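Between the sequences and the hints, there should be enough to build the whole structure, so can you do that?
Sequential numbering from 1350 applies to the sequence shown in our numbering.
These aren't lab readings, by the way, just hints derived from the structure by calculation. Just to be clear, a hint being listed does not mean it is correct.
As the list claims (entries may be wrong) - Distance ranges between label pairs, derived from CB positions:
id, residue 1, residue 2, range
1, Tyr1413, Glu1373, 22 to 30 Å
2, Pro1360, Glu1388, 14 to 22 Å
3, Asp1395, Glu1359, 33 to 41 Å
4, Arg1377, Arg1406, 13 to 21 Å
5, Pro1360, Val1396, 32 to 40 Å
6, Ile1405, Lys1372, 17 to 25 Å
These numbers were taken from a predicted model, which means no experiment stands behind them. C-beta atoms are modelled at their ideal positions from N, C-alpha and C, and glycine is treated no differently.
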Amino acid sequence: MHAEEREQHEPVRPICIVCQQPKESGIRIVTEFLCESCEAELVRTDVQDEKYPFYIRQLKRIWYQQNA
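What follows is the structure, encoded as C-alpha coordinates:
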(Lines of atoms letter the chains of each structure in order from A and count residues from 1; the text may use other names and numbers.)
(Lines give C-alpha, C1' and ligand atoms only; values in the text may rest on other atoms or scores of the structure.)
Protein backbone atom coordinates (compact mmCIF):
# COMPACT_ATOMS: atom_id res chain seq x y z
CA MET A 1 0.00 0.00 0.00
CA HIS A 2 1.37 3.39 -0.99
CA ALA A 3 1.62 6.25 1.50
CA GLU A 4 -1.17 8.15 -0.28
CA GLU A 5 -3.51 5.15 -0.10
CA ARG A 6 -2.69 4.57 3.57
CA GLU A 7 -3.41 8.24 4.37
CA GLN A 8 -6.81 7.96 2.68
CA HIS A 9 -7.78 5.00 4.90
CA GLU A 10 -6.53 6.41 8.21
CA PRO A 11 -9.05 8.46 10.19
CA VAL A 12 -8.31 12.14 10.50
CA ARG A 13 -7.23 12.95 14.05
CA PRO A 14 -8.24 16.30 15.54
CA ILE A 15 -5.54 18.90 16.25
CA CYS A 16 -5.13 19.92 19.89
CA ILE A 17 -5.61 23.66 20.48
CA VAL A 18 -2.73 23.66 23.00
CA CYS A 19 0.05 21.44 21.59
CA GLN A 20 -1.07 21.72 17.94
CA GLN A 21 -0.54 17.96 17.45
CA PRO A 22 -2.99 15.46 15.98
CA LYS A 23 -4.25 13.24 18.79
CA GLU A 24 -6.76 10.42 19.08
CA SER A 25 -8.32 11.11 22.45
CA GLY A 26 -9.35 14.20 24.33
CA ILE A 27 -12.31 16.52 24.78
CA ARG A 28 -14.15 18.98 22.58
CA ILE A 29 -14.79 22.47 23.91
CA VAL A 30 -17.20 24.32 21.63
CA THR A 31 -15.50 23.73 18.24
CA GLU A 32 -11.96 23.07 19.49
CA PHE A 33 -10.18 19.93 20.66
CA LEU A 34 -8.02 19.52 23.78
CA CYS A 35 -5.99 16.29 23.93
CA GLU A 36 -5.86 14.15 27.06
CA SER A 37 -2.22 14.94 27.84
CA CYS A 38 -2.71 18.72 27.57
CA GLU A 39 -5.90 18.51 29.61
CA ALA A 40 -4.06 16.59 32.36
CA GLU A 41 -1.16 19.05 32.32
CA LEU A 42 -3.53 22.02 32.41
CA VAL A 43 -5.40 20.63 35.41
CA ARG A 44 -2.13 20.02 37.30
CA THR A 45 -0.62 23.43 36.49
CA ASP A 46 -0.60 25.88 39.38
CA VAL A 47 -1.56 29.50 38.64
CA GLN A 48 1.95 30.53 39.75
CA ASP A 49 3.58 28.19 37.21
CA GLU A 50 5.32 29.90 34.28
CA LYS A 51 3.32 27.71 31.83
CA TYR A 52 -0.05 28.89 33.17
CA PRO A 53 -0.29 32.08 31.01
CA PHE A 54 0.43 29.98 27.90
CA TYR A 55 -2.50 27.67 28.68
CA ILE A 56 -4.78 30.65 29.30
CA ARG A 57 -3.80 32.23 25.95
CA GLN A 58 -4.48 28.99 24.10
CA LEU A 59 -7.86 28.46 25.75
CA LYS A 60 -8.91 32.07 25.12
CA ARG A 61 -8.78 31.24 21.41
CA ILE A 62 -11.87 29.08 21.93
CA TRP A 63 -13.97 31.97 23.20
CA TYR A 64 -12.57 34.51 20.74
CA GLN A 65 -13.51 32.24 17.83
CA GLN A 66 -16.96 31.63 19.27
CA ASN A 67 -17.64 35.37 19.59
CA ALA A 68 -16.13 36.31 16.22
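Verification of the hints:
A hinted range of 22 to 30 Å for the beta carbons of Tyr1413 and Glu1373 is consistent with their spacing of about 26 Å. For the hinted restraint 14 to 22 Å between Pro1360 and Glu1388, the CB-CB distance of approximately 20 Å keeps it satisfied. Distance hint check: the CB atoms of Asp1395 and Glu1359 are about 38 Å apart, consistent with the given range 33 to 41 Å. Arg1377 and Arg1406 have their C-beta atoms about 19 Å apart, which keeps the hinted 13 to 21 Å range intact.
At roughly 36 Å, the beta-carbon separation of Pro1360 and Val1396 lies within the given 32 to 40 Å, and the hint holds. Between Ile1405 and Lys1372 the C-beta distance comes to about 21 Å, which sits within the given range of 17 to 25 Å.
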